[in-house]
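There are 2 protein chains.
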Amino acid sequence: MEESALRREDKKVVAVVGAGLVGALNACFFAKRGFEVEVFETREDIRKAKVVKGRSINLALSHRGRTALKHVGMEDKQIVSKGIPMNARMIHSLSGKQSPIPYGKKGQYILSVDRANLNKELLTAAETYPNTKLNFDHKLQDWSAETGLMTFARPHGSKTQTQADLIVGCDGAFSAVRKQFLRRSRFNYSQTYIPHGYMELTMRPRNGEFAMKPNYLHIWPRNTFMMIALPNLDKTFTCTLFMPFEEFEKISTGDEVIEFFQKYFPDAIPLIGAATLRRDYFRLPAQAMVSVKCSPYHIGDKCVLMGDAAHAVVPFYGQGMNAGFEDCIVFDEIMNQFNEDFSAVLPEYSRVRVPDDHAIADLAMYNYVEDKNYNNSYFFVFINTLIQQTEKIGKNNHFDNMVTFTRTRYHVAVERWHWQDKVINRGLLLGAVGAAAGGFYLLI
Amino acid sequence: MEESALRREDKKVVAVVGAGLVGALNACFFAKRGFEVEVFETREDIRKAKVVKGRSINLALSHRGRTALKHVGMEDKQIVSKGIPMNARMIHSLSGKQSPIPYGKKGQYILSVDRANLNKELLTAAETYPNTKLNFDHKLQDWSAETGLMTFARPHGSKTQTQADLIVGCDGAFSAVRKQFLRRSRFNYSQTYIPHGYMELTMRPRNGEFAMKPNYLHIWPRNTFMMIALPNLDKTFTCTLFMPFEEFEKISTGDEVIEFFQKYFPDAIPLIGAATLRRDYFRLPAQAMVSVKCSPYHIGDKCVLMGDAAHAVVPFYGQGMNAGFEDCIVFDEIMNQFNEDFSAVLPEYSRVRVPDDHAIADLAMYNYVEDKNYNNSYFFVFINTLIQQTEKIGKNNHFDNMVTFTRTRYHVAVERWHWQDKVINRGLLLGAVGAAAGGFYLLI
Numbered sequence: 001m002e003e004s005a006l007r008r009e010d011k012k013v014v015a016v017v018g019a020g021l022v023g024a025l026n027a028c029f030f031a032k033r034g035f036e037v038e039v040f041e042t043r044e045d046i047r048k049a050k051v052v053k054g055r056s057i058n059l060a061l062s063h064r065g066r067t068a069l070k071h072v073g074m075e076d077k078q079i080v081s082k083g084i085p086m087n088a089r090m091i092h093s094l095s096g097k098q099s100p101i102p103y104g105k106k107g108q109y110i111l112s113v114d115r116a117n118l119n120k121e122l123l124t125a126a127e128t129y130p131n132t133k134l135n136f137d138h139k140l141q142d143w144s145a146e147t148g149l150m151t152f153a154r155p156h157g158s159k160t161q162t163q164a165d166l167i168v169g170c171d172g173a174f175s176a177v178r179k180q181f182l183r184r185s186r187f188n189y190s191q192t193y194i195p196h197g198y199m200e201l202t203m204r205p206r207n208g209e210f211a212m213k214p215n216y217l218h219i220w221p222r223n224t225f226m227m228i229a230l231p232n233l234d235k236t237f238t239c240t241l242f243m244p245f246e247e248f249e250k251i252s253t254g255d256e257v258i259e260f261f262q263k264y265f266p267d268a269i270p271l272i273g274a275a276t277l278r279r280d281y282f283r284l285p286a287q288a289m290v291s292v293k294c295s296p297y298h299i300g301d302k303c304v305l306m307g308d309a310a311h312a313v314v315p316f317y318g319q320g321m322n323a324g325f326e327d328c329i330v331f332d333e334i335m336n337q338f339n340e341d342f343s344a345v346l347p348e349y350s351r352v353r354v355p356d357d358h359a360i361a362d363l364a365m366y367n368y369v370e371d372k373n374y375n376n377s378y379f380f381v382f383i384n385t386l387i388q389q390t391e392k393i394g395k396n397n398h399f400d401n402m403v404t405f406t407r408t409r410y411h412v413a414v415e416r417w418h419w420q421d422k423v424i425n426r427g428l429l430l431g432a433v434g435a436a437a438g439g440f441y442l443l444i
Numbered sequence: 001m002e003e004s005a006l007r008r009e010d011k012k013v014v015a016v017v018g019a020g021l022v023g024a025l026n027a028c029f030f031a032k033r034g035f036e037v038e039v040f041e042t043r044e045d046i047r048k049a050k051v052v053k054g055r056s057i058n059l060a061l062s063h064r065g066r067t068a069l070k071h072v073g074m075e076d077k078q079i080v081s082k083g084i085p086m087n088a089r090m091i092h093s094l095s096g097k098q099s100p101i102p103y104g105k106k107g108q109y110i111l112s113v114d115r116a117n118l119n120k121e122l123l124t125a126a127e128t129y130p131n132t133k134l135n136f137d138h139k140l141q142d143w144s145a146e147t148g149l150m151t152f153a154r155p156h157g158s159k160t161q162t163q164a165d166l167i168v169g170c171d172g173a174f175s176a177v178r179k180q181f182l183r184r185s186r187f188n189y190s191q192t193y194i195p196h197g198y199m200e201l202t203m204r205p206r207n208g209e210f211a212m213k214p215n216y217l218h219i220w221p222r223n224t225f226m227m228i229a230l231p232n233l234d235k236t237f238t239c240t241l242f243m244p245f246e247e248f249e250k251i252s253t254g255d256e257v258i259e260f261f262q263k264y265f266p267d268a269i270p271l272i273g274a275a276t277l278r279r280d281y282f283r284l285p286a287q288a289m290v291s292v293k294c295s296p297y298h299i300g301d302k303c304v305l306m307g308d309a310a311h312a313v314v315p316f317y318g319q320g321m322n323a324g325f326e327d328c329i330v331f332d333e334i335m336n337q338f339n340e341d342f343s344a345v346l347p348e349y350s351r352v353r354v355p356d357d358h359a360i361a362d363l364a365m366y367n368y369v370e371d372k373n374y375n376n377s378y379f380f381v382f383i384n385t386l387i388q389q390t391e392k393i394g395k396n397n398h399f400d401n402m403v404t405f406t407r408t409r410y411h412v413a414v415e416r417w418h419w420q421d422k423v424i425n426r427g428l429l430l431g432a433v434g435a436a437a438g439g440f441y442l443l444i
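Protein chains in written order, with UniProt numbering: chain A, 1 to 444; chain B, 1 to 444.
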């Protein structure tokens with residue numbers, strides 16, 4: 001790495017704000033190009049933290065994300081070896097019957113990876129570049145799109161300032177960098193919270209082994225409720241229960257938890273354990289899910305947003321992290337194309353990437369359909385139609401493959417899928433969600 | 001007013017943030033109920049200002065707005081007498097031919113009113129209540145949804161604090177009150193800038209008389225461009241030119257202005273005057289237009305958003321001010337219903353009003369259609385179909401009447417109009433925007 005680090009005489013400074021997944025990966029991309037990289041993170045170093053707070057425990061890594069990791073030489077060794085392949089979804093019916101629906105073509109799979117471990121590996125990888133410095137406990141307070149000057153709050157009330165040639169906002173769905181964008185004219189922005197919340201529950205190993213078949217993404221589709229479970233290396237499963245906040249709030253005692261699971265997820269009770277369920281359901285309140293879209297992603301030649309800061313998506317397509325990682329590749333490709341000239345790279349990045357990120361945000365939301373005929377309830381329609389279509393045509397369709405197993409641009413994948421027609425179908429079919437004869441063909 | 005002012009022993013304090021149209025009207029509504037009303041405005045008192053900066057010069061006042069003014073006893077005397085009735089649109093073809101299309105039923109009209117005059121009248125009306133105090137040069141910096149404590153910046157760097165039982169955010173499309181909402185979980189928000197900008201030009205009287213027929217809203221529909229003109233009491237017309245920012249930017253010399261008008265609005269050149277056009281086009285840059293939607297409108301029992309702060313709309317339906325004024329009536333009705341108990345009134349206000357404000361925001365935008373077949377240009381489709389349909393059926397339709405001449409809830413008007421069908425039509429017809437055979441039937 002010495003060579004690339006010394007490529008320039010007057011090294012430009014790139015400040016990456018946020019040391020989460022996309023921030024840490026981006027630091028590697030910029031360091032590899034020889035920039036002076038400074039990463040700023042509000043929280044402490046998660047590699048030293050006793051408790052890692054926050055987001056979901058595991059994630060589905062698929063083709064786009066793996067391709068980005070490969071770009072910085074760390075796909076296989078640290079990541080893939082620690083992920084668990086999921087070759088298919090495993091659908092749990094109310095009666096307890098389990099039916100697999102494979103992903104893509106034979107041999108294709110997605111990987112269940114541990115978020116915290118992936119983040120730690122990425123931070124360590126970034127730190128191996130001598131031209132990268134990680135700064136934790138730095139909370140961005142203010143920055144200038146004109147000068148690149150940033151002000152950070154430090155613990156115990158002190159402040160510090162740094163100037164950069166480029167500020168890369170990778171600070172997540174509630175981005176502090178993005179606040180400055182919101183103050184400017186002609187910046188389009190939306191944040192949409194869905195009426196569902198989510199809650200994570202752990203399913204421990206039984207007799208030292210996985211409590212269910214490990215190489216599957218387990219799904220309990222129940223129309224307005226849904227539970228999924230992803231396998232972890234320690235032979236636990238992380239179960240995620242999705243349901244409307246008002247339903248979460250109806251349950252206030254251990255008995256009510258068991259009653260609820262008896263009704264909707266009876267086969268999961270012995271697997272998770274009734275005592276665990278009674279206790280863990282009340283450990284943390286249900287968490288909100290937000291979809292964020294904005295445009296453009298840049299201001300002048302000084303600042304660009306990437307990852308969740310630019311496009312937080314709901315988790316129903318398993319593409320959030322993959323889209324964020326792909327952002328890094330797309331930016332990198334445009335850097336080559338425009339010879340690292342930020343004044344040309346940044347507008348081109350917005351032009352190229354906005355339609356794709358908007359497409360994946362819409363796709364992720366598209367699985368989740370409001371039905372005015374059913375008291376405006378939201379349904380997870382995709383899984384029903386997935387089951388129906390798989391039964392009918394015997395295999396997964398091409399569209400799903402494009403999104404999950406290729407780098408076909410998201411908006412092109414959507415166009416090929418005759419999006420327009422489907423939207424119209426969706427309008428026409430809204431009354432028939434339960435039976436969903438339509439063309440939804442999506443996917444966790 | 002003494003009587004109502006003294007209705008309570010322990011008067012609650014209502015802080016209205018923003019002394020624009022909706023803020024000033026709202027102050028009257030709250031004062032009439034006997035609250036201690038404090039109005040806070042960033043700018044100086046426009047009644048004393050030498051130059052009134054900012055927004056459009058005149059506005060179309062219709063039924064909803066007039067009803068709200070009537071509630072505080074000031075419809076006719078100060079406002080209607082100073083407005084100019086517009087009984088019809090007057091369509092200017094490229095050849096200079098003028099054809100009227102009436103509003104609503106015979107005798108129905110909308111009023112062209114002067115924004116600054118209306119605002120001044122409303123401020124003076126608010127001040128006649130002894131329980132109302134207007135505070136200018138107060139810029140809201142921070143406030144607490146828990147305590148109702150607000151901090152204002154004053155001129156020359158000083159600060160002041162005030163506490164209120166209810167904070168009413170009427171501070172417009174770029175609301176400072178709303179910023180606090182954005183920091184809270186489960187607040188849905190979108191701001192969408194359209195690719196068109198607008199520019200105002202003045203058409204002076206000719207020989208002491210209006211240069212065109214006064215009792216019309218004059219419209220020059222040109223697909224992706226549009227100009228409108230509203231009459232003023234001083235016998236001028238305010239012309240507003242709508243066009244994509246990139247088109248505005250193409251014109252950089254006086255000759256280019258004239259060339260452009262020759263091509264698209266030839267009959268307007270002698271009316272505005274070539275010399276005036278050459279000069280005034282460059283007076284101010286084209287202004288942006290934003291559509292803002294959010295939900296909910298309240299936090300707890302302490303704060304509520306109304307007017308543009310809650311729902312800025314694009315101007316193509318002439319309902320922005322009318323919707324904001326109607327907010328005041330709806331809130332007032334709910335205050336009666338729940339006996340002024342803010343903890344019940346505020347959630348009910350959000351529940352009732354959000355769908356209507358979202359409906360009018362969508363309607364206003366619906367006139368403005370992107371066509372991917374024409375290089376993603378945006379077209380003003382409504383006016384073409386308005387002309388076609390009027391020619392075909394010989395009269396205006398019922399839907400338009402409901403929106404402009406009744407208080408039918410916006411979302412109900414939309415439902416009656418078989419919105420869903422039209423959306424599907426719109427999808428199908430998008431390729432045929434030029435000919436727009438479809439069901440668009442809207443209106444300035």
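Source of the hints: derived by calculation from the structure; they are not laboratory data.
One or more hints might be untrue.
For chains that are exact copies, the list does not tell them apart, and a pair is met inside one copy or across any two.
Keeping only pairs whose Cα atoms sit at most 20 Å apart, straight-line, the calculated SDA-like set for lysine to any residue is [unchecked claim]:
hint, residue 1, residue 2
1, Lys250, Arg186
2, Lys235, Arg206
3, Lys97, Asn87
4, Lys106, Glu146
Now for the hints, and whether the structure bears them out:
Taking the shortest alpha-carbon separations for Lys250 and Arg186, only the inter-copy value of 19 Å comes in at or below 20 Å, while the best intra-copy value is 42 Å. Taking the shortest alpha-carbon separations for Lys235 and Arg206, only the intra-copy value of 9 Å comes in at or below 20 Å, while the best inter-copy value is 86 Å. Taking the shortest alpha-carbon separations for Lys97 and Asn87, only the intra-copy value of 18 Å comes in at or below 20 Å, while the best inter-copy value is 69 Å. In the homo-oligomer, the alpha carbons of Lys106 and Glu146 never lie at most 20 Å apart, since the shortest distance is 52 Å inside one protomer and 57 Å across protomers.
Of the hints listed earlier, the one the structure fails to meet is number 4.
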